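Take the sequence shown: its letters are residues 33 to 147, numbered as in the working numbering.
In short, the hints are calculated from the structure, not lab data. Quick caveat: nothing in here was measured; it's all calculated off a predicted structure. Please note that a few of the clues may not be correct.
Stated by the list, open to error - Derived CB-CB ranges, DEER-like:
no.	residue 1	residue 2	range
1	V127	R68	32 to 38 Å
2	M53	K140	19 to 25 Å
3	M53	E112	20 to 26 Å
4	G97	E66	27 to 33 Å
5	S57	L126	30 to 36 Å
6	K140	Q61	28 to 34 Å
7	E75	A123	16 to 22 Å
8	K72	G97	27 to 33 Å
9	D118	E71	16 to 22 Å
10	G105	Q62	19 to 25 Å
11	K55	N119	30 to 36 Å
12	M53	D118	27 to 33 Å
Unchecked claim - The list that follows gives simulated cross-link-like pairs (lysine-lysine, BS3-like), each with its CA atoms no further than 25 Å apart:
no.	residue 1	residue 2
13	K72	K99
14	K87	K140
15	K55	K99
Beta carbons are placed, not taken as given, at the ideal position from N, Cα and C, and that holds for glycine.
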Amino acid sequence: MAAVLLTAPVSAADVAGEAIMVKGSVSAQQDGAEARLIEKGAEILVGDTVTTAAKSFTVIGFTDGGKVTVRPGSVLVIDEYAYGGDNDGSALKLVKGGLRALTGAIAKTNPDAYR
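Whenever a hint applies, use it, and build me the whole structure from the sequences.
Below, the structure is given as structure tokens:
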């Protein structure tokens, strides 16, 4: 008897980047889903709300080469992100705390599409 495991894979279009450095407690959550703990190498998805605890931080490496450091005690929402197609652009919203951003190809080729 064979068992079939069905999963809903994340499409490449939904992946904004990955956590390239994590210190302490960092989580990400999609609307209506449970928060998931983020470790180095974890995918960061379009629609994620990334939360860092006190004394914790993460560096997100985006697919366009940009990097964002999410500081301790912060909340960052990845509202929109697309790279490698006709509608490249990003919209990140800092809800609480601080960040440091090093822009990538989106901001260099189309500065108006980077918010």
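Distance restraint hint 27 to 33 Å, applied to the beta-carbon atoms of G97 and E66: Check passed, 31 Å falls within 27 to 33 Å.
Can you let me know if the beta-carbon spacing of K55 and N119 is within 30 to 36 Å? 34 Å, holds
Do the Cβ positions of V127 and R68 conform to the proposed distance bound of 32 to 38 Å? Since V127 and R68 have Cβ atoms about 18 Å apart, the given range 32 to 38 Å is violated.
Assessment of proposed distance window 16 to 22 Å (beta carbons of E75, A123): At roughly 19 Å between Cβ atoms, A123 and E75 fall inside 16 to 22 Å, so the hint holds.
Quick check on a hinted range of 27 to 33 Å for M53 and D118, using CB atoms only. 31 Å, holds
Given the range 19 to 25 Å, decide if the beta-carbon distance of G105 to Q62 lies inside it. 21 Å, holds
Is the distance from the Cβ of K140 to the Cβ of Q61 consistent with 28 to 34 Å? 30 Å, holds
I want to verify a distance hint. Is the separation of the beta carbons of S57 and L126 within 30 to 36 Å? 19 Å, violated
Can you confirm whether the C-alpha distance between K72 and K99 stays at or below 25 Å? 14 Å, holds
Given the proposed pairing of K87 with K140, does the C-alpha separation stay at or below 25 Å? 32 Å, violated
Looking only at beta-carbon atoms, does the pair M53, K140 fall within the given range of 19 to 25 Å? 23 Å, holds
Outcome of range test on Cβ distance (M53, E112; 20 to 26 Å): For E112 against M53, whose Cβ atoms are near 24 Å apart, the range 20 to 26 Å holds.
The structure fails to meet hints 1, 5, 8, 9, 14 from the earlier list, while all remaining hints are met.
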